[in-house]
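Can you build the whole structure from these sequences, using the hints too?
Here are the chains, one letter per residue:
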Amino acid sequence: MSFDLNLIAESLPMMLMGIGITFKLLIISGFLGLTLAIFLLLMRISGRWYLSFPAQVYIYVFRGTPILVQIFIIYYGLPQFETVRDSIFWPILREPMGCAILALTLNTGAYVSEILRGGVLGVSKGILEAGSALGMSVRQKFIYLTAPIAARLALPAYSNDVISLLKSTALASTITIADMTGIARTIVADTYAPYEIFISLAIVYMIFTFGIQKLFGVIERYLGRYTQREG
Amino acid sequence: MDVLSGWWDDYFWGAVVVGQVFICSLGLMIIFGLFGAMAKLSNNRVAQKIAGAYTVIFRGTPEILVILLLYFGSAITLTAIAQIFSPEIKFVDVPPFWAGTIAISIIVGSYATETFRGAFLGVNPGSIEAARALGMSDLQTFIYVRIPEMWRLALPPFGNHMLSLIKDTALISIIGLNETMFVAKQAITVTGKPFTMYIVVGAIYLGFSTIITLAVMGIEKFGERTTVGAK
Numbered sequence: 001m002s003f004d005l006n007l008i009a010e011s012l013p014m015m016l017m018g019i020g021i022t023f024k025l026l027i028i029s030g031f032l033g034l035t036l037a038i039f040l041l042l043m044r045i046s047g048r049w050y051l052s053f054p055a056q057v058y059i060y061v062f063r064g065t066p067i068l069v070q071i072f073i074i075y076y077g078l079p080q081f082e083t084v085r086d087s088i089f090w091p092i093l094r095e096p097m098g099c100a101i102l103a104l105t106l107n108t109g110a111y112v113s114e115i116l117r118g119g120v121l122g123v124s125k126g127i128l129e130a131g132s133a134l135g136m137s138v139r140q141k142f143i144y145l146t147a148p149i150a151a152r153l154a155l156p157a158y159s160n161d162v163i164s165l166l167k168s169t170a171l172a173s174t175i176t177i178a179d180m181t182g183i184a185r186t187i188v189a190d191t192y193a194p195y196e197i198f199i200s201l202a203i204v205y206m207i208f209t210f211g212i213q214k215l216f217g218v219i220e221r222y223l224g225r226y227t228q229r230e231g
Numbered sequence: 001m002d003v004l005s006g007w008w009d010d011y012f013w014g015a016v017v018v019g020q021v022f023i024c025s026l027g028l029m030i031i032f033g034l035f036g037a038m039a040k041l042s043n044n045r046v047a048q049k050i051a052g053a054y055t056v057i058f059r060g061t062p063e064i065l066v067i068l069l070l071y072f073g074s075a076i077t078l079t080a081i082a083q084i085f086s087p088e089i090k091f092v093d094v095p096p097f098w099a100g101t102i103a104i105s106i107i108v109g110s111y112a113t114e115t116f117r118g119a120f121l122g123v124n125p126g127s128i129e130a131a132r133a134l135g136m137s138d139l140q141t142f143i144y145v146r147i148p149e150m151w152r153l154a155l156p157p158f159g160n161h162m163l164s165l166i167k168d169t170a171l172i173s174i175i176g177l178n179e180t181m182f183v184a185k186q187a188i189t190v191t192g193k194p195f196t197m198y199i200v201v202g203a204i205y206l207g208f209s210t211i212i213t214l215a216v217m218g219i220e221k222f223g224e225r226t227t228v229g230a231k
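Going down the list, the protein sequences come from chains A and B.
According to UniProt numbering, the stretch in the first sequence is residues 1 to 231, in order.
According to UniProt numbering, the stretch in the second sequence is residues 1 to 231, in order.
If you're looking for bench data, these hints aren't it; they were derived computationally from the structure.
Note that the structure is a prediction, hence the values are computed from the model and not measured.
Cβ atoms here follow ideal geometry from the backbone N, Cα and C, with glycine treated the same way.
Incorrect hints may have been included.
As the list claims (entries may be wrong) - If you anchor each label on the Cβ, the simulated ranges turn out as follows:
| id | chain 1 | residue 1 | chain 2 | residue 2 | range |
| --- | --- | --- | --- | --- | --- |
| 1 | B | Ala133 | A | Ile27 | 52 to 62 Å |
| 2 | A | Val218 | B | Leu41 | 26 to 36 Å |
| 3 | B | Val92 | A | Phe3 | 15 to 25 Å |
| 4 | B | Ile23 | A | Arg139 | 42 to 52 Å |
Said to hold, decoys possible - Here are the simulated lysine-lysine pairs, DSS-like style, with alpha carbons at most 30 Å apart:
| id | chain 1 | residue 1 | chain 2 | residue 2 |
| --- | --- | --- | --- | --- |
| 5 | B | Lys185 | A | Lys24 |
| 6 | A | Lys214 | A | Lys24 |
| 7 | A | Lys214 | B | Lys49 |
Unchecked claim - Now the stretches of chain B that chain A is said to cover, found in silico as 3 or more residues with beta-carbon under 8 Å:
| id | segment |
| --- | --- |
| 8 | 48-62 |
| 9 | 169-176 |
| 10 | 201-211 |
Here it is in structure tokens:
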């Protein structure tokens with residue numbers, strides 16, 4: 001047993017071929033998840049029980065179960081029903097990629113919606129009162145006052161969630177997707193060199209995590225550019 | 001629900017394994033977190049660096065990669081060591097239970113490190129000064145002043161760490177631990193009902209999450225019983 005650097009040099013380019021898939025999973029489900037989260041948020045803060053209750057149940061279920069179980073329910077579970085196989089969604093649900101994106105979207109949507117809600121709750125009352133005093137409607141207050149401030153407040157927590165999403169994309173390898181982790185597992189099965197392969201891949205993931213953190217740091221500074229002087 | 005008859009006991013024992021993994025990894029996670037926090041708060045530069053690297057590495061790497069690395073890595077190392085003594089041995093591994101338990105407690109421990117560190121720094125300096133003024137020794141201050149304040153501060157994020165632990169146990173099925181995911185897989189090969197079988201797994205995890213959430217809420221209430229009047 002030894003640490004084989006040549007093996008890393010050979011297999012790293014192979015693993016990096018999975019970057020495209022990893023990022024496809026991250027970006028598509030990140031974007032769709034954020035959209036879903038905004039819908040869930042609006043349902044929760046609507047003040048109507050028949051909207052907020054289903055959103056709460058949804059968030060509770062998806063945050064209370066492991067993402068791996070959710071992926072398996074969608075990929076292995078849904079084809080159990082004939083209606084699913086006959087439906088127009090079948091071309092998406094038949095593909096592991098479609099299932100992985102769906103599962104990651106549904107999962108991250110639940111988490112992000114809670115983060116956004118934290119942001120909305122953090123908006124100070126005085127600002128909303130000022131809005132009312134100016135004669136703004138509820139909708140105007142939400143669009144021009146609550147949303148921008150809440151987005152800024154939620155951003156640090158949101159960046160953590162994007163990082164968890166990146167880490168969750170690795171689970172796509174469990175349903176035969178050849179993302180970076182999937183390729184690494186295939187190489188390890190062939191070469192039986194877990195240290196070399198998995199450690200070098202871990203470093204790749206860490207670099208991406210670092211990049212995401214830096215990117216969000218830049219966005220945070222940009223969004224907070226008006227608040228700098230006060231602080 | 002007929003398909004489930006005959007599988008309930010398997011699921012029950014699977015859930016017991018999940019519970020066992022949870023209890024063991026909870027203990028280890030606290031130990032890793034406390035050591036990490038102690039190292040970060042110490043004046044020793046080397047310890048700070050090591051703890052810093054620990055949190056960066058395990059917060060930036062997908063959980064599944066850590067589990068695979070720990071399991072397969074320890075297996076080839078142990079096999080290599082065993083072959084020195086008796087060459088006819090083909091394969092030795094750390095049981096998946098322990099490899100997985102250690103892996104998830106290292107991962108969540110890296111998050112707990114920050115929680116414990118934050119709780120230590122969050123203790124009101126006035127309380128410490130009051131303790132000094134009363135002539136308390138460092139040990140007395142720690143036991144009677146710091147700890148009662150610290151656990152209250154650490155509890156809400158600590159509850160989230162427990163939820164992460166319970167959900168991460170599902171990943172250990174990938175290295176062959178016979179917990180609920182594994183039971184579902186067996187049940188599916190017999191019954192051909194993947195949706196039903198994985199939904200049961202989801203329900204079991206939801207049960208665990210609910211118990212943890214309720215327990216944390218109860219303890220939080222208990223912790224606040226003496227501070228309500230002070231607000």
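A quick look at each hint next to the structure:
1. B/Ala133 to A/Ile27: 52 to 62 Å: holds, 57 Å
2. A/Val218 to B/Leu41: 26 to 36 Å: holds, 30 Å
3. B/Val92 to A/Phe3: 15 to 25 Å: holds, 20 Å
4. B/Ile23 to A/Arg139: 42 to 52 Å: Between B/Ile23 and A/Arg139, where Cβ atoms are some 50 Å apart, the hint holds.
5. B/Lys185 to A/Lys24: holds, 28 Å
6. A/Lys214 to A/Lys24: Status holds; Cα separation ~20 Å.
7. A/Lys214 to B/Lys49: Holds: A/Lys214 and B/Lys49 sit about 20 Å apart, inside 30 Å.
8. 48-62: holds (count 6)
9. 169-176: Since three or more residues must qualify, the claim that chain A covers the segment 169-176 of chain B holds, with 5 doing so at under 8 Å.
10. 201-211: With 6 residues closer than 8 Å to chain A, the segment 201-211 of chain B meets the three-residue bar; holds.
Consistency with the previously given hints is maintained throughout, with no hint failing.
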